[in-house]
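Number of protein chains: 2
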Amino acid sequence: MRSVAVDTENKSYSVLIEEGILENPAEYLRKVWTKRRCVILTDTNVYPLYAGKVSENLSEAGFENMIITVPAGERSKSWETLSSVISRMADFGLTRGDGLIALGGGVVGDLGGLCASLYMRGISFVQFPTSLLAQVDSSVGGKTAIDIDQGKNLVGTFHQPDLVLIDPMALRTLDERVTVEGYAEVVKCAAMKGGTFWKLVCGIEAPGEILKHAPELIQQSVAFKADVVSRDEKEGGLRRILNFGHSIGHAVELLSAGRLLHGEAVSIGLAAVNRIFEQHGLTEEGVASAVCGRLAAVGLPLTDELLDDLRVLEVMNHDKKVSKSSLTFVYLKKIGEPAAFTVSLDELAEFIGKI
Amino acid sequence: MRSVAVDTENKSYSVLIEEGILENPAEYLRKVWTKRRCVILTDTNVYPLYAGKVSENLSEAGFENMIITVPAGERSKSWETLSSVISRMADFGLTRGDGLIALGGGVVGDLGGLCASLYMRGISFVQFPTSLLAQVDSSVGGKTAIDIDQGKNLVGTFHQPDLVLIDPMALRTLDERVTVEGYAEVVKCAAMKGGTFWKLVCGIEAPGEILKHAPELIQQSVAFKADVVSRDEKEGGLRRILNFGHSIGHAVELLSAGRLLHGEAVSIGLAAVNRIFEQHGLTEEGVASAVCGRLAAVGLPLTDELLDDLRVLEVMNHDKKVSKSSLTFVYLKKIGEPAAFTVSLDELAEFIGKI
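Protein chains in written order, with the working numbering: chain L, 1047 to 1401; chain R, 1047 to 1401.
If you are wondering where the hints come from, they were derived from the structure by calculation, not from laboratory data. Any given hint could be a false lead.
[What the hints assert, rightly or not] The calculated lysine to aspartate or glutamate pairs, modelled on DMTMM-like cross-linking and capped at a C-alpha distance of 25 Å, are:
1. K1057(R) with D1208(L)
2. K1057(R) with D1053(L)
3. K1258(L) with E1222(L)
4. K1198(R) with E1126(L)
5. K1099(L) with E1065(L)
6. K1198(R) with D1137(L)
7. K1081(L) with D1137(R)
8. K1081(L) with E1102(L)
9. K1081(R) with D1392(L)
10. K1057(L) with E1251(L)
11. K1057(R) with E1055(L)
12. K1198(L) with E1069(R)
13. K1081(L) with D1392(R)
14. K1057(L) with D1208(R)
15. K1077(R) with D1365(R)
16. K1081(R) with E1069(R)
17. K1198(L) with E1126(R)
18. K1081(L) with E1393(R)
Owing to the predicted nature of the structure, the values given are computational and were not obtained by experimental measurement.
Using the sequences and the accompanying hints, generate a full structural model.
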């Protein structure tokens, strides 16, 4: 059993990684939860694969539960779905001492965490992330969110789970494209961490090898993120390094209107930010091509016509990480050495003009 | 200047009470906020009285601001208003380093706190409460909320303000009924605190005297609540005593469908719970009539036909403070000595049958 401890200021919890762990989640859940009622939040993709089995397993262990299924896809991170799920939680009669389980990818995790965070001013919740992106990224750190017209993840809270159970076997039931997009976040972490983690990633030459090394890739990514989050739960400073590749990535993702998956946009963002900073002489020569090599090895995109779209700048100006008329980029001095660099919005166009 | 310090686990802030303080709020705001943009959230009742002056005062001090006005009344504590205010905050371009000011009664405070808590996962906010209820109750403790069909305040967060400015002069512009309802919460606090606070309340024989003694009544109530909240920010235990009179009160309020104001329902709840516990021999004889005397002195209701409605029990069964099939009542052993008593839902009807 691989296990990573996440310690935040007010809470500590474990991320357990094991093939087949979703066959009997109750075994681990009962170590953190007394018997209680719970809602299992899932989506239309994951429901037929796991919801019935998980629900039955929990019922047998005395966790009376109800499954709530939302449509698969980013569109479920909306006010409408949020209010509808919370109404169903209330109709089910959940009390403050009950809980919510998010069973699915990043959308289910972000939405479920927000539901748990808001219902009766906060009930406990656990995550069973089933996509690689959710397993390595959104399942650690306690960020919850929905999207609004003005921006992605613009509404949310910090709400830490009591437990995260990661079953790498779940990846075998996903489209390859979905696993590959999650791998962009793995490359992001590995490039910042360096060392043996980066070496491991350097050995991945095809999508199939992601699955083969999934438990270790997940553990390393989660451990890297857990370390950062432990030191800065609410993104006061250090946690911002997790946004490596995301300023440009988010903008491209938004403008693609669904054509690009989040991880694909992050891949484009990572490629771009490394190229830009290498051209400015801030990133050691050769780093951009090394990172791009890792992304390209599994078929992730390195560029997109949207990078030439002037609206990219406009969207970056509205990024929620903008403050006091400047935007802070995360870049690599070299592999294993992330750093921050602040650019005033007036100079942003010129600075990234070299994309 | 009367001042009460509120210390919670993660944050400390001041509640400043002074007649006329809303003439120049910037003087105090700049002690806790660097210059920043802000949204002033208010409602259609308060807007014409204070919003323009406050906005101008803040602008002159370098706090660029925008006023957002929502319809007065509990109906604004809704998903629709919440999402609409947050969209306007985003359109105004508020960043994480900016802030929100809640200028109004309890509805504006609850809604504004939730907007600030959710926007970009939390921005800072301050409260300028203008009704007595908001000044003595909802402005301290960091509870934010909206209502849903299944219950009042069922969706919310804990989000502490950076500063609370209370102008007792604001009460002079309110309907007497609105000031009197707020006074029910003052009586609630005084009965639990006892001592000089209770003596002060015992001298109030008419609504006009509430205004005369407003600064001290507010200070005593805020200090009592601040002390409780400091020791139990998230209602793990002790904070529950603030629900004195609220279990029955909330049910009656809900069933009255707007006929009873919150404080009027609390008054009915306080009268009922004292009578019930005195009849059960748990409250010292004479306490019920003493508390009822204080409420009746300013014209607050002591009973209502809804108390005979069987739906009161049904609503209490769905109270969000219910857990593990029981409901915990707060009662008084005697004036100045609150205590808790748990009743199983099976026995609830019989227990409160003596209303």
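**Request:** Quick one: which hint numbers does this structure break? Sort them smallest to largest.
**Result:** When the structure is compared with the hints, numbers 7, 10, 12, 15 turn out to be violated.
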